[in-house]
Amino acid sequence: MEKTLRVTRVESCIISLMGRFPILSYYANSRGWSFLISWGHRLAGLALVGYVFAHIYTLSLLFTPATFDADMKFLHNLVFTFLEWALAIPLIFHSLNGGRLILYELFHVREDEIVIRWMVILGLIYIFILGFFFIAQSPQASVPLFWSITLVVSLVVFLLVVNKIWRTGNSILWKLQRITAAFMIPMLLGHMLFMHINYLTGHDSKTILLRLQDPFVKGMDLVLIVVLLFHAGYGVFSIIADYIEPGPLNKSLTCLVIIVMAISGYFGIRLIVAL
Amino acid sequence: MLESYTITLEVKRYDPDTKLTWMQAYQVEASGILRFVDVLREINDEQDPTLAWPSSCEHAQCGSCGIIVNGKPLLACELLVKDAVEQFRTHKFRLRPLTIAPVLRDLVVDLEKAYDRVHKAKPYLIKPTSPHPDGDEYRIAPKTLEMYSEATRCINCFCCATACISSHHHFLGPNATMANMVRLMDPRETAKKERMDILYRENNVYRCHTARACSFVCPKEIDVSHFLALGKEGRF
Chain A
1 MEKTLRVTRV ESCIISLMGR FPILSYYANS RGWSFLISWG HRLAGLALVG
51 YVFAHIYTLS LLFTPATFDA DMKFLHNLVF TFLEWALAIP LIFHSLNGGR
101 LILYELFHVR EDEIVIRWMV ILGLIYIFIL GFFFIAQSPQ ASVPLFWSIT
151 LVVSLVVFLL VVNKIWRTGN SILWKLQRIT AAFMIPMLLG HMLFMHINYL
201 TGHDSKTILL RLQDPFVKGM DLVLIVVLLF HAGYGVFSII ADYIEPGPLN
251 KSLTCLVIIV MAISGYFGIR LIVAL
Chain B
1 MLESYTITLE VKRYDPDTKL TWMQAYQVEA SGILRFVDVL REINDEQDPT
51 LAWPSSCEHA QCGSCGIIVN GKPLLACELL VKDAVEQFRT HKFRLRPLTI
101 APVLRDLVVD LEKAYDRVHK AKPYLIKPTS PHPDGDEYRI APKTLEMYSE
151 ATRCINCFCC ATACISSHHH FLGPNATMAN MVRLMDPRET AKKERMDILY
201 RENNVYRCHT ARACSFVCPK EIDVSHFLAL GKEGRF
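Chains as they are written, first to last, in this note's numbering: chain A, 1 to 275; chain B, 1 to 236.
Simulated from the structure, these hints should not be mistaken for lab results.
Warning: the hint list may mix true and false statements.
Stated by the list, open to error - Result set (BS3-like, lysine-lysine): computed pairs, CA atoms no more than 25 Å apart in a straight line:
hint, chain 1, residue 1, chain 2, residue 2
1, B, LYS143, B, LYS193
2, A, LYS206, A, LYS73
3, A, LYS164, B, LYS193
4, B, LYS12, B, LYS113
5, B, LYS12, B, LYS92
6, B, LYS192, A, LYS175
7, B, LYS192, B, LYS143
8, B, LYS122, B, LYS192
9, B, LYS19, B, LYS113
10, B, LYS192, A, LYS164
11, B, LYS143, B, LYS127
12, A, LYS251, B, LYS92
13, B, LYS127, B, LYS192
14, A, LYS206, A, LYS218
15, B, LYS19, A, LYS175
Please build the complete structure, drawing on both the sequences and the hints.
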């Protein structure tokens, strides 16, 4: 069973600061902090789903590189750079909390409070490293090396989860949701870091198009988009299943999610293959 | 000398005859060691004989006096006035009925409807194994029993189901899922296949998202989310 954790002075300061927000203190007192973290996980997930669509749309502008470059030039200012950095907050939160859930549900890690503590520490470290990358650019960063390291880490995590989950009686879709999560945690966190270590990597049409000529990078992007859209679709389906009673509305919304994800997948795949 | 408190209870009322719902405030001078069921009874005796609340054993054994106080589902027979003031840091309490079943009147919900969910999880041995050859009783090793005995403390008060992030449209509820888990872990049960079919239905363990509100509110201090996670892990 769970061990009780001695709260440090810094943590008690953070908790009391957060407790000043009436809505947070209401749910923290009545349902516990884990309940609020779960809501945060859902909201961050929905925000990331929105971002994926925007990302596919932005990259589709690469068909006309001049338009893409003009748009990127327009977005290259302090406000948008800050927003881009801020986007890492829901990403890191959703990823690390997903990791926490996998540890709790599949690897029997019941020291949940200690895991939450590490989640916050690692999240803050990641955010600051990313901020540092935004400021200190490194044009020498190697694409194949980055992908190789990230892929190896992702595959190790992926295999660990597959080995743990595959023989259980859970439904195939539920298993795939956990497996895709495990694969994406290192993959997306690495992707975000790499895209910002050198500004041109993610914002210059020539650099992006050149990168996409590499079959290995193309393959990785294809895997990532399929995995990501499946994970996002099942996440949204799960929210619908939780709050909409089984019936015509539930079925219609589920169909809508499948259609939207399939269309996004089609455009995303077409984009990666064609570029 | 026992400390007394001036507290205000804002109760969500419901009249099934007129179908009207409203909030009604009662101010009570209550001793710190009174439980909320005692305070409700005092209101019923001295201020408003029409107020209805659920109650039976009043010793946290039957699970019938579950209500929501300031957002937290709990047993009214367990909550002392002084503890409530300390816990919620207020003298004003908002009382609502549990949300897992239709309201019959004021704070009383239709527990039979709530129990329908538990019945779907078959909270009994479907196919018990034959008795031990050396005696009438079936012997369970203490180590095996230890793995699930905590879950057998559940009194089906539905506090966990009310607190759950997953609402009640599609989920049997943490207590019902745990009732199934207990029998899956019970060596006397032989219908494991049927049990697993129940566990891995769309309205069962997949609706649990490990928000752990169930463990947080459980009046019997059962780590409910631990048992649900065992189901996902396939460890039974």
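Hints versus structure:
A hinted pair counts as satisfied when its Cα atoms are at most 25 Å apart, and LYS143/B with LYS193/B qualifies at roughly 23 Å. Distance hint between LYS206/A and LYS73/A is fulfilled; the C-alpha atoms sit about 14 Å from each other, no more than 25 Å. As the CA atoms of LYS164/A and LYS193/B are separated by approximately 20 Å, the hinted pair is consistent with the 25 Å bound. Simply put, LYS12/B and LYS113/B have alpha-carbon atoms about 20 Å apart, close enough for the 25 Å limit, and the pair holds.
Restraint check: the Cα-Cα separation between LYS12/B and LYS92/B comes to about 14 Å, which is no more than 25 Å; the hinted pair holds. This hinted pair checks out: LYS192/B and LYS175/A have alpha carbons roughly 21 Å apart, not beyond 25 Å. Straight-line distance between C-alpha atoms of LYS192/B and LYS143/B comes to about 20 Å, which keeps the hinted pair within the 25 Å bound. Restraint check: the Cα-Cα separation between LYS122/B and LYS192/B comes to about 12 Å, which is no more than 25 Å; the hinted pair holds.
A distance of roughly 19 Å separates the Cα atoms of LYS19/B and LYS113/B; the hinted pair therefore holds under the 25 Å criterion. Proximity of LYS192/B to LYS164/A is assessed by CA-CA distance (about 21 Å); at most 25 Å being required, the pair is judged to hold. The hinted pair formed by LYS143/B and LYS127/B meets the criterion: a straight-line CA distance of about 23 Å does not exceed 25 Å. As the CA atoms of LYS251/A and LYS92/B are separated by approximately 43 Å, the hinted pair breaks the 25 Å bound.
The straight-line distance between the Cα atoms of LYS127/B and LYS192/B is roughly 9 Å, inside the 25 Å bound, and the hint therefore holds. Taken as a hint, the LYS206/A and LYS218/A pair is honoured in the structure, with Cα atoms around 15 Å apart against an allowance of 25 Å. A hinted pair counts as satisfied when its Cα atoms are at most 25 Å apart, and LYS19/B with LYS175/A does not qualify at roughly 45 Å.
Hint violations for this structure: numbers 12 and 15, all remaining hints satisfied.
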